[in-house]
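Trainee: Chains as they are written, first to last, in the UniProt record's numbering: chain W, 1 to 349; chain S, 1 to 349; chain D, 1 to 349; chain G, 1 to 349.
Hints in this document: simulated from the structure, not taken from any laboratory.
A portion of the hints provided could be inaccurate.
Copies of one chain are not kept apart here, so a pair can be met inside one copy or by any two copies together.
Stated by the list, open to error - Computed list of lysine-lysine pairs in DSS-like fashion (alpha-carbon distance at most 30 angstroms, straight line):
#, residue 1, residue 2
1, Lys161, Lys219
2, Lys294, Lys191
3, Lys164, Lys306
4, Lys221, Lys161
5, Lys221, Lys118
6, Lys221, Lys115
7, Lys161, Lys298
8, Lys221, Lys164
9, Lys118, Lys294
10, Lys338, Lys191
11, Lys219, Lys164
12, Lys306, Lys118
13, Lys219, Lys338
14, Lys298, Lys164
15, Lys221, Lys306
16, Lys298, Lys118
17, Lys294, Lys219
18, Lys115, Lys294
19, Lys338, Lys303
20, Lys338, Lys298
21, Lys164, Lys191
22, Lys338, Lys294
23, Lys219, Lys191
24, Lys164, Lys118
25, Lys303, Lys161
Residues per chain are reported as follows:
4 protein chains.
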Amino acid sequence: MIFASDNWAGAHRSIAERLLQESAGFAAAYGTSDLDRRVEARFSEIFEREVSVFFVATGTAANSLSLASVQRPGGITFCHSEAHVIADECGAPDFFSQARLSPVDGELGKIDPAKLSKAIAGFPENAVHHGRATAVTITQATEIGTVYALDEIDAISAICKERKLPLHMDGARFANALVALDASPAEMTWKRGVDILSFGGTKNGCWCAEAIVVFNPDKAKEMSFIRKRAAQLFSKSRFIAAQFDAYLDNGLWMELARHANGMADRLRSGIGASNSARLAWSTTSNEVFAIIRKSAGKTAEDKGAKFYEWPIPSATPDLVGPDEILIRLVTSFATEEKDVDGFLSCLAS
Amino acid sequence: MIFASDNWAGAHRSIAERLLQESAGFAAAYGTSDLDRRVEARFSEIFEREVSVFFVATGTAANSLSLASVQRPGGITFCHSEAHVIADECGAPDFFSQARLSPVDGELGKIDPAKLSKAIAGFPENAVHHGRATAVTITQATEIGTVYALDEIDAISAICKERKLPLHMDGARFANALVALDASPAEMTWKRGVDILSFGGTKNGCWCAEAIVVFNPDKAKEMSFIRKRAAQLFSKSRFIAAQFDAYLDNGLWMELARHANGMADRLRSGIGASNSARLAWSTTSNEVFAIIRKSAGKTAEDKGAKFYEWPIPSATPDLVGPDEILIRLVTSFATEEKDVDGFLSCLAS
Amino acid sequence: MIFASDNWAGAHRSIAERLLQESAGFAAAYGTSDLDRRVEARFSEIFEREVSVFFVATGTAANSLSLASVQRPGGITFCHSEAHVIADECGAPDFFSQARLSPVDGELGKIDPAKLSKAIAGFPENAVHHGRATAVTITQATEIGTVYALDEIDAISAICKERKLPLHMDGARFANALVALDASPAEMTWKRGVDILSFGGTKNGCWCAEAIVVFNPDKAKEMSFIRKRAAQLFSKSRFIAAQFDAYLDNGLWMELARHANGMADRLRSGIGASNSARLAWSTTSNEVFAIIRKSAGKTAEDKGAKFYEWPIPSATPDLVGPDEILIRLVTSFATEEKDVDGFLSCLAS
Amino acid sequence: MIFASDNWAGAHRSIAERLLQESAGFAAAYGTSDLDRRVEARFSEIFEREVSVFFVATGTAANSLSLASVQRPGGITFCHSEAHVIADECGAPDFFSQARLSPVDGELGKIDPAKLSKAIAGFPENAVHHGRATAVTITQATEIGTVYALDEIDAISAICKERKLPLHMDGARFANALVALDASPAEMTWKRGVDILSFGGTKNGCWCAEAIVVFNPDKAKEMSFIRKRAAQLFSKSRFIAAQFDAYLDNGLWMELARHANGMADRLRSGIGASNSARLAWSTTSNEVFAIIRKSAGKTAEDKGAKFYEWPIPSATPDLVGPDEILIRLVTSFATEEKDVDGFLSCLAS
């Protein structure tokens, strides 16, 4: 009953075995092997256009270097006020991009387009004292389990285009969002105006597989230097490539995400039907936020369940009753039905 | 016949299988799992004192964050003029440490203590215009296959202590150096006055396993923030831990280095005995530098051998004859006797 | 009728003449002249304790280097959401300190202590993902003309002490605040727990005279390197010293601030008594925020008045009527009664 | 008898009086005043083409921001191994540009073109590990008093053009070099292929007047943000403009440099004719390097002379006899004949 985070899971067996298989033999280092090239080409297929791909070690690296690649002095990157980049990356995006992250509010973890417009308008061109708007980043799926609908991405993107701001998408849970929307990778990204993507594999069944995908390869010219200077170029890069190779084979990545989301659906159904717990807000990815009785939480923990208590959002101070807590439950490719059902039975008890 | 670099090898089977085994099950993320803790403790055993250990993604990261952790504004880090940190890391150590790398010459890839003393003396304390000496870094084994003897490390260390400069060791080929010296990890590091070590596993049989080892844990307090801000904290950190676990089990790491050095010895013997090739300089680790006939190089390449032609050192412009080339040959845990013998026979042909 | 900003004024005649006088003769460069030393010593007298003083070129430099001097990796500096450091310095404090500025709200331009406590509480010690609270900065007088009372500084300071966070004061209008409070420099700073001060002279009658004052000289050891590396060490530093020398002579600085505040009082009285304009909020320094009729603003501008229209604070969207505008009026040492009266008569017309 | 440095002088009376005159009245801040605009336009006249001009506080700032403006990740800036940027600016150029300064040798303080070519050749395009050549900077006049002839600048410039590297000139003693070459500002800069210039006024009679001159204004678009973020935008910018205004009036700047160089000529003649001292090497600007008897140095100091003993260049260890010292003598606009003659008489004694 591990719902603490999807990164508490290990690696999917197919991916782990693909790594074992890759362990033999020799290959050129630093991302120049045949396997590296072949897997990079697969990204172009998946996204239905030529893209540039850069493997890095962590999701924080993917976000930080993506944002670094589009920055200019005095720059400001707009993100949701609860986004991972601003809340959970220890200032790495600020450090690498030398830009300030400026938080924008919005319901359900999504940037409110009107608020974004207003925030950007506070930075007229050439107003040197204020600094300048230089990028926007959205998280898909969001930190609180919701997913931008395609037209919601369009709304953000339109604002970016008007001011010629590059749009980055943090896709640490990219596959889960695709499943939730039943959209194609292209439809959810460059067809909506996304310029650069953090494509995450780690949370969805890899050991360590993160990639920066740049949709306009002309704009990726600096990235190989940015990555190397950031100490993110693996010598045995093919071990990342091998993971992605297995991940993308036969749609495994979508299958794993579908499983994770399905387990979350099972949680959502169970909690929705419960008398003793309720959903804090509606989510569609592999994260579920629930309000449960403290005693039920204690029971679950005693039985080995792992999950995080979540801070009450300041906008809804009365969300949670006196004997209740707000918790986050994250499912993954490795979550089993019995874990879900076991947890649900703890709530009922 | 792959002698291009030790990072062209894959992973040793024991390590790859340990990874496969670790793929199942759940564990706490971000370096807090039991396995992470246990492997960190193994480092203290190996070094015969309590140490702080930080896993990172690349050797460049280990060097860069090590140097960052001991820097102060206006700082200067002294390194050998051919060191990896200054020659092959795209400015990453400068970027993370915000210090200048200042090259010091010395024969056979090793910093000359007299030249180091003189270089440091150019930076008296509080001479704000010049900047200030803040660190020294040595590479063990060096970039050109040599190894600092223990008393050579003592000589560097004594200079550092006099000016209270922290001494860092880039141990990308740490195990190969240990084997070459027949020394213990403690003897080659903190007992000699080394303060911080980049402990490399990748070149010696891991997929991706690098660690920063801080010998005085009191001085490691900032490192967890430095690492996270550098986007180098793995979520599934235990996969690094698992590699190190297998690497350290039953002295596997030493065995692999012994094998690599032994294969280099075989190369050295063969070349030393050859009429048609000669050693460019004496080495004792897993790197061999040889002067061979151009035609022999061509023959070897035609038969599938991989190696790099090396630039002629500016101090010895006449090292190489008109029909000759200088080449670097690197052996690894995966090099086989038949590769060595096959290559030697190409030279003779 | 120049009320655009106090930095539109020139230099007070005594200061300008002191500069002329200093132009002859030779003296040691880079802040080592007798005059530099003597003026630095005057700061210790004025603050009634030994302090370390560092002259820099701009108020932005004073703030940025102050904050840089107390930073650690992953750090977060808390400031008011409208503070100059976050709103008007083009990211310089972020750039030099490599810390994120995190905005905290509060009425009348002052940080709300309860909100500060809550904001800091979001960063428990060693929570590496979030980053960590490392500094607090307040502006005295604030960007909107108000002044922290001494006990209001105490309240902020107490929060800082509890978490051992250094407290910085941006004193670009330090003298105006002193006059408003009728407090001594010591009372308004280190006796309240302020650790480091940006002491501004430029807005109050100097050409270019800004100083960083560190109240605990032990903590100033890195500053000379931080300053030089930031390209802020003047070769002919004594010209900054000379300005401060004249500025501090016979209490000139307090006299100039008293004059500026007095002119603001005259504006406040006039506007308070007016039928056609009103004060937007109460201020006590040399800044006045008024709501006037658009037509009156037009009249004043036609007669040569200079002032800035100010954005309506989001907390009070109904502050200004349909035919009105919110304006900022700043007085200085050079403002004359006839300017004030001339402006007031425009409002009435 | 102050020969310590030209920045020990004060300000020329015309410049100091122009500052006094500017002290009255009001003007728009942050470089937008009529005077700022007018003085910027004078630079275009002086350089015989449209240029972009940015005032900054120090020569170190001019160099650092110039180099920052042309950098890309992993960049390397080539400079002479004794250049001010690498030897005397506490790492500021490295800090602001995030590029490494790579020293190139050359006789008489000037980069040797052949060595520069070879150094750059070590960084082939796209060799991500090494980093990449991104800029070249030369100092005119050099740190040791020599001056690049126009065709020597051409030789450096040709190398830059071949690799499309921007060429920066550190003109802290720009006027002294112009006088030495009897060249026009245009002839010594953009007509030779210089792209960006640090134009120094401080050492030649101003209090504090340094400017970055960008010869292709299209390439200056980022500079206003770079400058503001570096805390180098003066609020009362017109006080820099006023200094330059007086400096450039009626050729004052050339007259002052001619005087300084003339006083150096007088020193050179006297030392050349002396039996007890000799020139260490030939210089043509306002710096003179002489070998004198230790006793003569002592005598001169006892009589109040100020000068710096200079380190013996490592290329010429036998330059100085056992009872001799190498000294640097710098003249300025404020040096008088009697100072020179007084010093010469000390040498003879």
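Trainee: Now, for every hint given, state plainly whether the structure supports it.
Mentor: Each hint tested on the structure:
1. In this assembly of identical chains, the alpha carbons of Lys161 and Lys219 lie at most 30 angstroms apart whether taken from the same copy (16 angstroms) or from different copies (24 angstroms).
2. Proximity of Lys294 to Lys191 under the C-alpha cut-off of 30 angstroms is found in neither arrangement, the shortest distances being 45 angstroms within a copy and 46 angstroms between copies.
3. Taking the shortest Cα distances, Lys164 and Lys306 never come within 30 angstroms of each other, neither inside one copy (44 angstroms) nor across copies (34 angstroms).
4. Taking the shortest Cα distances, Lys221 and Lys161 sit within 30 angstroms of each other both inside one copy (21 angstroms) and across copies (21 angstroms).
5. For the identical chains of this complex, Lys221 and Lys118 are inter-copy neighbours only, at 25 angstroms across copies versus 32 angstroms inside a copy, given an alpha-carbon limit of 30 angstroms.
6. For the identical chains of this complex, Lys221 and Lys115 are inter-copy neighbours only, at 29 angstroms across copies versus 33 angstroms inside a copy, given an alpha-carbon limit of 30 angstroms.
7. For the homomeric pair Lys161 and Lys298, neither the shortest alpha-carbon distance inside one copy (49 angstroms) nor that between copies (36 angstroms) is at most 30 angstroms.
8. In this homomeric assembly, Lys221 and Lys164 come within 30 angstroms of each other (Cα to Cα) both inside a single copy, at 19 angstroms, and across copies, at 16 angstroms.
9. In this homomeric assembly, Lys118 and Lys294 come within 30 angstroms of each other (Cα to Cα) only across copies, at 24 angstroms, whereas the closest approach inside a single copy is 41 angstroms.
10. Taking the shortest alpha-carbon separations for Lys338 and Lys191, neither the intra-copy value of 39 angstroms nor the inter-copy value of 54 angstroms comes in at or below 30 angstroms.
11. Taking the shortest Cα distances, Lys219 and Lys164 sit within 30 angstroms of each other both inside one copy (14 angstroms) and across copies (20 angstroms).
12. Taking the shortest alpha-carbon separations for Lys306 and Lys118, only the inter-copy value of 27 angstroms comes in at or below 30 angstroms, while the best intra-copy value is 41 angstroms.
13. Taking the shortest Cα distances, Lys219 and Lys338 never come within 30 angstroms of each other, neither inside one copy (47 angstroms) nor across copies (46 angstroms).
14. With identical chains, the CA atoms of Lys298 and Lys164 are never at most 30 angstroms apart, being 51 angstroms at best within one copy and 35 angstroms at best between copies.
15. Taking the shortest Cα distances, Lys221 and Lys306 sit within 30 angstroms of each other only across copies (29 angstroms), while inside one copy they are farther apart (44 angstroms).
16. For a Cα distance limit of 30 angstroms, the shortest separation of Lys298 from Lys118 across copies, 27 angstroms, qualifies, whereas the shortest one inside one copy, 44 angstroms, does not.
17. When the C-alpha separation of Lys294 and Lys219 is checked against a cutoff of 30 angstroms, the pair qualifies neither within a copy, at 51 angstroms, nor between copies, at 41 angstroms.
18. Taking the shortest alpha-carbon separations for Lys115 and Lys294, only the inter-copy value of 28 angstroms comes in at or below 30 angstroms, while the best intra-copy value is 36 angstroms.
19. Proximity of Lys338 to Lys303 under the C-alpha cut-off of 30 angstroms is restricted to the intra-copy arrangement: shortest distance 13 angstroms within a copy versus 57 angstroms between copies.
20. Proximity of Lys338 and Lys298 under a CA criterion of 30 angstroms is satisfied intra-copy only: 19 angstroms inside one chain copy versus 63 angstroms between copies.
21. Proximity of Lys164 to Lys191 under the C-alpha cut-off of 30 angstroms is restricted to the intra-copy arrangement: shortest distance 16 angstroms within a copy versus 36 angstroms between copies.
22. For the identical chains of this complex, Lys338 and Lys294 are intra-copy neighbours only, at 22 angstroms inside a copy versus 67 angstroms across copies, given an alpha-carbon limit of 30 angstroms.
23. Proximity of Lys219 and Lys191 under a CA criterion of 30 angstroms is satisfied intra-copy only: 17 angstroms inside one chain copy versus 33 angstroms between copies.
24. For the identical chains of this complex, Lys164 and Lys118 are intra-copy neighbours only, at 16 angstroms inside a copy versus 37 angstroms across copies, given an alpha-carbon limit of 30 angstroms.
25. Taking the closest pair of Cα atoms, Lys303 and Lys161 never come within 30 angstroms of each other, the shortest separation being 51 angstroms inside a single copy and 42 angstroms across copies.
Hints 2, 3, 7, 10, 13, 14, 17 and 25 from the list above are not met by this structure, while the remaining hints are.
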